[in-house]
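Top to bottom, those sequences are chains A and B. Per full-length UniProt numbering, the first sequence starts with residue 1, numbered consecutively. Per full-length UniProt numbering, the second sequence starts with residue 1, numbered consecutively.
Calculated directly from the structure, the hints in this document are not laboratory data. For clarity, every value in this text was computed on a predicted model and none was experimentally measured. Misleading hints may appear alongside valid ones.
What the hints assert, rightly or not - Simulated restraints, written as ranges between beta carbons of each label pair:
| id | chain 1 | residue 1 | chain 2 | residue 2 | range |
| --- | --- | --- | --- | --- | --- |
| 1 | B | Gly-90 | A | Asn-154 | 36 to 42 angstroms |
| 2 | A | Met-165 | B | His-34 | 52 to 58 angstroms |
| 3 | B | Phe-151 | A | Ser-158 | 39 to 45 angstroms |
| 4 | A | Met-168 | B | Val-164 | 37 to 43 angstroms |
| 5 | B | Asn-172 | A | Asn-84 | 38 to 44 angstroms |
The beta carbon of each residue, even a glycine, is placed where N, CA and C say it ideally should be.
Protein chains: 2
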Amino acid sequence: MNTLELIKKNLDTFSKSERKVAEAILASPETAIHSSIANLAKTAEVSEPTVNRFCRRLDTKGFPDFKLHLAQSLANGTPYVNRNVNEDDGPEAYTSKIFESTMACLNTAKNGLDTNLINRAVDVLTQANKISFFGLGASSSVAHDALNKFFRFNIPVSCFDDIVMQRMSCINSSEGDVIVLISHTGRTKLLVEVAQLARENDAFVIALTEANSPLAEQSNLVLSLGVPEDTDVYMPMSSRIAQLVLIDVLTTGFTLRRGAKFRDNLKKVKVDIQDSRFEKTGDEEY
Amino acid sequence: MNTLELIKKNLDTFSKSERKVAEAILASPETAIHSSIANLAKTAEVSEPTVNRFCRRLDTKGFPDFKLHLAQSLANGTPYVNRNVNEDDGPEAYTSKIFESTMACLNTAKNGLDTNLINRAVDVLTQANKISFFGLGASSSVAHDALNKFFRFNIPVSCFDDIVMQRMSCINSSEGDVIVLISHTGRTKLLVEVAQLARENDAFVIALTEANSPLAEQSNLVLSLGVPEDTDVYMPMSSRIAQLVLIDVLTTGFTLRRGAKFRDNLKKVKVDIQDSRFEKTGDEEY
DNA sequence: TCTTTTATGTAGTTTTATTTCATTTTCAGT
DNA sequence: ACTGAAAATGAAATAAAACTACATAAAAGA
């Protein structure tokens with residue numbers, strides 16, 4: 001948790017003098033990280049040990065350690081990690097908050113990912129006869145995105161956001177087919193059934209979902225993002241973004257694994273797209 | 001500039017002993033910020049003044065100040081310098097690179113956005129009779145995502161990734177209708193034509209695209225991300241992610257603008273989705 | 001009101017960082 | 001290769017900062 005936010009939140013748990021310290025810091029955090037303990041004590045009109053005790057109350061080793069934590073919470077790009085949007089936020093405020101919390105979410109996802117599993121997934125994908133991406137509701141756009149990327153590899157790939165088509169596709173699957181199921185919570189009943197159906201028909205099931213969820217249990221390989229669940233009505237679903245980045249990672253892993261010959265293929269697709277453009281060089285995508 | 005990157009970049013400008021310090025820090029930056037100058041000097045096998053001089057060479061006031069800067073560059077979410085994926089990167093390497101460059105891209109987008117324009121866009125959207133999202137190719141999944149979000153507001157909203165349907169929809173549009181066009185480069189001929197068609201039929205055109213592009217010129221309002229264009233074959237299209245976050249921002253602005261009554265609507269949708277789930281509380285989305 | 005607990009500050013101690021200066025290394029010019 | 005200037009480095013001393021122990025004051029409970 002962001003130290004600055006932590007101080008704000010715990011303001012009322014501090015003693016009288018400690019609150020003075022907290023207020024002095026909140027008033028000008030930038031100044032605080034460049035002050036000595038003596039200086040800050042003077043600003044807050046308390047004694048030095050009080051400042052020190054204040055630091056320890058916030059689970060830091062002491063004043064220097066506290067400054068380190070505070071500095072990190074003021075660092076470029078993360079002034080207000082995961083701050084929720086308020087009813088009275090202006091465009092400036094909610095825009096920063098959403099961008100920043102999305103970045104924080106990606107960082108968490110990055111740290112929580114198991115690269116061995118990613119490697120396994122890339123393995124499985126490169127050896128697949130056919131790849132299918134399934135998602136329902138909000139996850140369907142992630143599946144579409146995956147389709148768009150894998151389509152360029154010129155391998156059999158499909159994508160369905162229709163439960164009936166998904167089931168039909170599973171029934172027709174066989175060994176060597178890989179089915180990638182995308183679900184934020186991993187608790188969508190219909191999709192869990194799809195996973196079962198796919199496995200009954202010998203397909204390999206990769207799930208992009210929460211660890212230990214019902215869907216995860218029905219899958220052969222689970223890539224979980226470890227992103228905290230969204231709690232606020234105002235807050236958008238950042239986990240979806242993390243899933244998309246994970247798709248990017250898988251695509252990249254796939255490209256690298258397939259080697260140089262394969263990459264030429266990609267270039268061809270890009271060059272062709274160019275022709276449908278107004279002139280300007282070096283562009284890709286739409 | 002990020003301190004850690006700065007050290008890497010300037011490695012060859014340091015003297016022999018100073019390089020030892022640099023290498024000790026790069027080897028384990030997390031350890032470095034928690035060490036005393038004496039400790040770090042011992043690890044690097046140099047004297048304490050050398051460490052101090054090293055810090056000053058990097059434009060800091062001294063060792064504690066340097067640690068502060070270093071801590072900030074290690075902070076959660078800090079955008080790393082865009083590094084491209086290499087042919088011989090392992091899963092660990094390409095995963096971090098992709099996540100980090102995506103975060104860097106979001107940070108750039110955040111800084112480049114004009115919140116006044118966002119506010120205007122939210123204005124226009126809240127007053128619309130009907131909203132349509134159009135995208136082609138890779139941008140179609142962004143359009144779908146937007147549909148999914150705006151759909152919950154219980155207002156007339158549609159989404160097409162088919163050029164014929166897009167044109168038909170434009171022809172049927174009238175004053176009060178808003179059409180949101182999504183295109184990374186803003187140079188897709190067909191989509192530029194769609195913009196013209198929409199305006200001829202009195203629709204208001206919002207473009208999520210590059211500034212000064214042909215599409216931008218045909219639109220009433222342009223939201224440009226200012227994200228650098230993708231140059232590398234291996235690199236995924238991060239701008240797409242930025243577009244999605246921008247959709248999140250617009251959705252949030254929309255919700256806030258519509259006020260409390262409206263938010264109840266959102267809750268209803270969420271509660272309904274719950275029922276199609278395996279039991280567990282507090283979940284949202286799919 | 002008295003006792004106990006908690007909070008706060010003073011003064012001394014320890015740790016940490018910086019400065020000064022002597023020594024070593026490097027390197028250009030002979 | 002030698003010499004001397006300049007730069008780099010480290011030892012030791014100094015200064016600064018942080019921390020500890022303890023004493024006193026305030027607050028809370030009996």
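>> Taking 38 to 44 angstroms as the stated bounds, is the beta-carbon spacing between B/Asn-172 and A/Asn-84 within them?
In response: holds (40 angstroms)
> Lying within 52 to 58 angstroms: is that true of the beta-carbon distance A/Met-165 to B/His-34?
Replying inline: The hinted range 52 to 58 angstroms holds for A/Met-165 and B/His-34, with Cβ atoms some 55 angstroms apart.
>> Between the beta carbons of B/Phe-151 and A/Ser-158, is the distance compatible with 39 to 45 angstroms?
In response: violated (24 angstroms)
> Holds or violated: 37 to 43 angstroms for the Cβ distance of A/Met-168 and B/Val-164?
Replying inline: violated (27 angstroms)
> Is it true that B/Gly-90 and A/Asn-154 lie within 36 to 42 angstroms of each other by Cβ?
Replying inline: At 25 angstroms between Cβs, range violated.
The structure fails to meet hints 1, 3, 4 from the earlier list, while all remaining hints are met.
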